[in-house]
Amino acid sequence: MLDISDLHVSVDSTEVLHDINLHIGQGETHVLMGPNGSGKSTLLKAIMGFGGYTITAGSIVFKGKDITRMPIHERAHLGIGMMFQHPPAISGLKLGKLLSATSPMGEGAIEALAQSVNMEHFLTRDINVGFSGGEIKRSEVLQLKVQQPDFIMLDEPESGVDLENMNLMGKEIASLLEKDIHIVNRRRSGLIITHTGYILDYLEADQGHVLIDGQIRCHGNPREILRVVKEKGYGECLRCKQI
Amino acid sequence: MEHLSEEDKKRLALTGLEVGMQNRCGSFFQIDQKVIQTTCGAEGIEMLPIKTALEKYDWVKDYYWNAVQKDKDKYTQYVAKQENPQGLVVIAHEGAKVEMPLQACLFLREEPVQHVHNIFIAREGSEIHIISGCASSWQKEHGSHIGVTEIYVGKGAKVTSTMIHNWNPGISVFPRSATVVEEDGTFLSNYICMQPVNQVNMYPTARLVGKNAVARFSSIVVATPGSVLDLGSRTILAAEHTSTELITRAITTGGKVISRGHILGEKDNTRGHIECKGLILKDGIIHAIPEIEGTLTGTELSHEAAVGKIARHEIEYLMARGLSEEEATATIIRGFLDVKISGLPAVLQAQIDAAIDKAESGF
Numbered sequence: 001m002l003d004i005s006d007l008h009v010s011v012d013s014t015e016v017l018h019d020i021n022l023h024i025g026q027g028e029t030h031v032l033m034g035p036n037g038s039g040k041s042t043l044l045k046a047i048m049g050f051g052g053y054t055i056t057a058g059s060i061v062f063k064g065k066d067i068t069r070m071p072i073h074e075r076a077h078l079g080i081g082m083m084f085q086h087p088p089a090i091s092g093l094k095l096g097k098l099l100s101a102t103s104p105m106g107e108g109a110i111e112a113l114a115q116s117v118n119m120e121h122f123l124t125r126d127i128n129v130g131f132s133g134g135e136i137k138r139s140e141v142l143q144l145k146v147q148q149p150d151f152i153m154l155d156e157p158e159s160g161v162d163l164e165n166m167n168l169m170g171k172e173i174a175s176l177l178e179k180d181i182h183i184v185n186r187r188r189s190g191l192i193i194t195h196t197g198y199i200l201d202y203l204e205a206d207q208g209h210v211l212i213d214g215q216i217r218c219h220g221n222p223r224e225i226l227r228v229v230k231e232k233g234y235g236e237c238l239r240c241k242q243i
Numbered sequence: 001m002e003h004l005s006e007e008d009k010k011r012l013a014l015t016g017l018e019v020g021m022q023n024r025c026g027s028f029f030q031i032d033q034k035v036i037q038t039t040c041g042a043e044g045i046e047m048l049p050i051k052t053a054l055e056k057y058d059w060v061k062d063y064y065w066n067a068v069q070k071d072k073d074k075y076t077q078y079v080a081k082q083e084n085p086q087g088l089v090v091i092a093h094e095g096a097k098v099e100m101p102l103q104a105c106l107f108l109r110e111e112p113v114q115h116v117h118n119i120f121i122a123r124e125g126s127e128i129h130i131i132s133g134c135a136s137s138w139q140k141e142h143g144s145h146i147g148v149t150e151i152y153v154g155k156g157a158k159v160t161s162t163m164i165h166n167w168n169p170g171i172s173v174f175p176r177s178a179t180v181v182e183e184d185g186t187f188l189s190n191y192i193c194m195q196p197v198n199q200v201n202m203y204p205t206a207r208l209v210g211k212n213a214v215a216r217f218s219s220i221v222v223a224t225p226g227s228v229l230d231l232g233s234r235t236i237l238a239a240e241h242t243s244t245e246l247i248t249r250a251i252t253t254g255g256k257v258i259s260r261g262h263i264l265g266e267k268d269n270t271r272g273h274i275e276c277k278g279l280i281l282k283d284g285i286i287h288a289i290p291e292i293e294g295t296l297t298g299t300e301l302s303h304e305a306a307v308g309k310i311a312r313h314e315i316e317y318l319m320a321r322g323l324s325e326e327e328a329t330a331t332i333i334r335g336f337l338d339v340k341i342s343g344l345p346a347v348l349q350a351q352i353d354a355a356i357d358k359a360e361s362g363f
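Here the protein sequences line up with chains A and P, keeping their order.
Every letter in the first sequence is one number past the one before it in the numbering used here, and letter 100, counting from 1, is 100.
Every letter in the second sequence is one number past the one before it in the numbering used here, and letter 315, counting from 1, is 315.
I should point out that these hints are in silico values taken from the structure, not numbers from a laboratory.
It is possible that some hints are incorrect.
[As the list claims (entries may be wrong)] List time: in silico BS3-like cross-link candidates among lysine-lysine, alpha-carbon distance up to 27 Å:
| id | chain 1 | residue 1 | chain 2 | residue 2 |
| --- | --- | --- | --- | --- |
| 1 | P | Lys140 | P | Lys81 |
| 2 | P | Lys256 | P | Lys74 |
| 3 | P | Lys309 | A | Lys97 |
| 4 | P | Lys211 | P | Lys140 |
| 5 | P | Lys51 | P | Lys72 |
| 6 | P | Lys9 | P | Lys56 |
| 7 | P | Lys309 | A | Lys94 |
| 8 | A | Lys94 | P | Lys282 |
| 9 | P | Lys155 | P | Lys74 |
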């Protein structure tokens, strides 16, 4: 599904990601961990194609297509979706209006999806304006449910979410990633940034990666990596550099 | 109406003129200095040419050059010295209420200067919506429009005045208007100008003289290259428990907008807020000059102004949902201009939306 090879990314002419290699197969969910400022969000934004994240070397291939220089919306059309950690508030733009502008779904179908994440009363609200932490996340999940991407990137889905919302979010994200479908038939893939690992209470991830100082230091079982990080901190990862 | 070319009819439709009178309960139409039509079917509401109104009701003269001073500037002086004044008087008699707007259309076709003097009188407990469409013929290259408007909102009355301009690049426009609002009265003023014009210069003032009176000015304007829009609105909080809001959304695609605002709080328990947001799409000028002036402890006044370009991360957010860069930009601009005006009838809101949609296709 996604193949990243020898990727170098600069922000403001400073290289932030060095020689990243990452392969995510169809139906797989990967988890990305690492200390603050290690470059996790930068990697997601580079995959989405945001300006200001300059790819100086390497390539990103999605569904067999080289998307390294492709505009953001074409990547979205190809099937890449992203849950933002801090999405912008846009006054005057109604959430419902954005949803119908980006999807062929009818109003009824959108309304039903909104109800499933308790967002039906937010369709006529300006997007993210005055939304609480939980509401922002539910709005992001709703947008992804409408968009139906094949590859979903989630930037800290747990942050700013209370326990009740976490339960809803966890189940919805598991459903977006088709965790309810047998692994053989599962088509959707995901890449999740998590600090706490709470999301792993709701879905199984196939692989974990630790990113430190802009480099992927190790791959492995996500729960095991989480356990080591909880016990010994990222210092251990620095010492045991595998790659 | 049959005197108009198809092109001119289209221009008038953009200012909100409903030629067939659907969704309108009354209509006044003046071409240059000639009144073509005055009709009104609503009970308790009269629309009269100004001369007829002054003859018919003796008391109308008390409202003639009262809110606006004759010698205020050279433009009011010009209108005052006319021997043959033209314009519209709307009278909403006590308790008369109509949801459907009245339309007043002022069309500049051949003469170098069009002058009008309008008076809107809403007597106690009445409620009216007036949509004034001002336009010039597509063939009209140069000219001026000078309009004096006096608005009187009586006790518990409500007046919504929506003005939509659709001029040509060589036309200069000088509206001079003032409003007096009595106890429990509400005055809502909306101004839309999204088409090229040489210059518009105005600074309408609302004086709230009765307790609980409210005034709200909303302006949505686009300055195209060569246009100078020097706009302001002022509210004087001259009675206790009065409040006001002055809201502006300004876009420049190369022209100049000066967005002035002034609130004077001179009585206790008064509130006022100025909000001006400007978007610079192409190099032009947006100059926001909000002024708040309080003269005693019991007044609360505030302002916020912001001028800038569309934030890149907002465009990219929408692109990540599948919109192209152009679609994302247009969507954000549409949202920026979307000032929902509370208490506005759906037909009027639809008119404002249509004017915005029309302009948006040009961004």
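Q. Looking back at the hints listed earlier, which ones does the structure fail to meet?
A. Violated: hints 4, 6, 9.
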